[in-house]
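**Student:** Sequence:
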Amino acid sequence: MVLAYDGTDYRGWQIQPDSRTVQGVLRDAARRLAPDARVTGASRTDAGVHALRQVVSLTLSGRRAPGVVLRALNATLPRDVRVREAREAPPGFDARRAALGKRYAYLIDNGAIPDPFLARYAWHLPGALDVGAMRRALAPLRGRRDFGAFCAAPGRAKDPMCRVRALHVVRRRDRIAVLVSADRFLHHMARNLVGSAVAVGRGAREPDWLRAVLDSRDRRLAGATAPAHGLTLVRVLYPR
Numbered sequence: 005m006v007l008a009y010d011g012t013d014y015r016g017w018q019i020q021p022d023s024r025t026v027q028g029v030l031r032d033a034a035r036r037l038a039p040d041a042r043v044t045g046a047s048r049t050d051a052g053v054h055a056l057r058q059v060v061s062l063t064l065s066g067r068r069a070p071g072v073v074l075r076a077l078n079a080t081l082p083r084d085v086r087v088r089e090a091r092e093a094p095p096g097f098d099a100r101r102a103a104l105g106k107r108y109a110y111l112i113d114n115g116a117i118p119d120p121f122l123a124r125y126a127w128h129l130p131g132a133l134d135v136g137a138m139r140r141a142l143a144p145l146r147g148r149r150d151f152g153a154f155c156a157a158p159g160r161a162k163d164p165m166c167r168v169r170a171l172h173v174v175r176r177r178d179r180i181a182v183l184v185s186a187d188r189f190l191h192h193m194a195r196n197l198v199g200s201a202v203a204v205g206r207g208a209r210e211p212d213w214l215r216a217v218l219d220s221r222d223r224r225l226a227g228a229t230a231p232a233h234g235l236t237l238v239r240v241l242y243p244r
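The numbering used here puts the last residue of the sequence shown at 244; the count rises by one with no breaks.
Just so you know, these hints were derived from the structure itself, not from any lab.
From a predicted model like this one, the values you see are computed outputs, not experimental measurements.
Note that the Cβ used here is the ideal one computed from N, Cα and C, for glycine as well.
Where hints are given, some of them may not hold.
To be verified - Per label pair, the in silico range of CB-to-CB distance:
1. Pro39 x Leu104: 32 to 40 Å
2. Arg206 x Ala38: 45 to 53 Å
3. Pro21 x Asp134: 40 to 48 Å
4. Arg24 x Leu56: 35 to 43 Å
5. Arg179 x Pro144: 21 to 29 Å
6. Gly207 x Pro39: 54 to 62 Å
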């Protein structure tokens, strides 16, 4: 299934005790169809992070038409979570294990006055931001690299190697989007990359600083973590 959600009012994707999570509300809705329903997501998005196309494996006892499942779930789910597509998967398909990578977008509202329609989905950053400098800073980070310096906690990642396939900064008037696609992401990696790029865009750091941070493998040298609400999971990538 393909799922879209506004992550504002959730403690992330993964089920946690005494917390409202996206996986939790989806599982509860699915168990109205089958008490033994199991739900697995391709990406364990953090608290406050959104998704346009999260991919989910839903296992139900018995056979049901995908359209019936889609309509039944959407009739039960809260308004900020929606099943966009549903189809029968091959036997043994696992949304997380089968994924080849993920694509995220981080949105910045660079207007002097915050846009109320973007308040839940964009980081409001008024003032000058040099997009060209941000692009130059991020360019050397493409390819297979050790991204330990951009992990939430030093030593948390058992394997800090990630292959960043695409990294772009796009500006449309007062809107700036940082687009990043990789085979895998460390905890807070996308948000730490954005926070560090913003430090360059504001002139607090030179563009070549970001490559030095990468090479250091030291989280303490990187920029601040960008707020969660600006980040959206855009797509999960699978073999064709």
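**Student:** For the hint 45 to 53 Å, verify it against the beta carbon of Arg206 and that of Ala38.
**Tutor:** holds, 52 Å
**Student:** Is it true that Arg179 and Pro144 lie within 21 to 29 Å of each other by Cβ?
**Tutor:** The hinted range 21 to 29 Å holds for Arg179 and Pro144, with Cβ atoms some 25 Å apart.
**Student:** With 32 to 40 Å as the target window, see if Pro39 and Leu104 comply at their CB atoms.
**Tutor:** Between Pro39 and Leu104, where Cβ atoms are some 33 Å apart, the hint holds.
**Student:** Are Pro21 and Asp134 spaced within 40 to 48 Å by their CB atoms?
**Tutor:** Hint holds: Cβ distance 44 Å, inside 40 to 48 Å.
**Student:** Please test the hint of 54 to 62 Å on the beta carbon pair from Gly207 and Pro39.
**Tutor:** Between Gly207 and Pro39, where Cβ atoms are some 58 Å apart, the hint holds.
**Student:** State, for the Cβ atoms of Arg24 and Leu56, whether the hinted interval 35 to 43 Å holds or is violated.
**Tutor:** violated, 20 Å
In this structure, only the earlier hint numbered 4 is contradicted, and the remaining ones agree with it.
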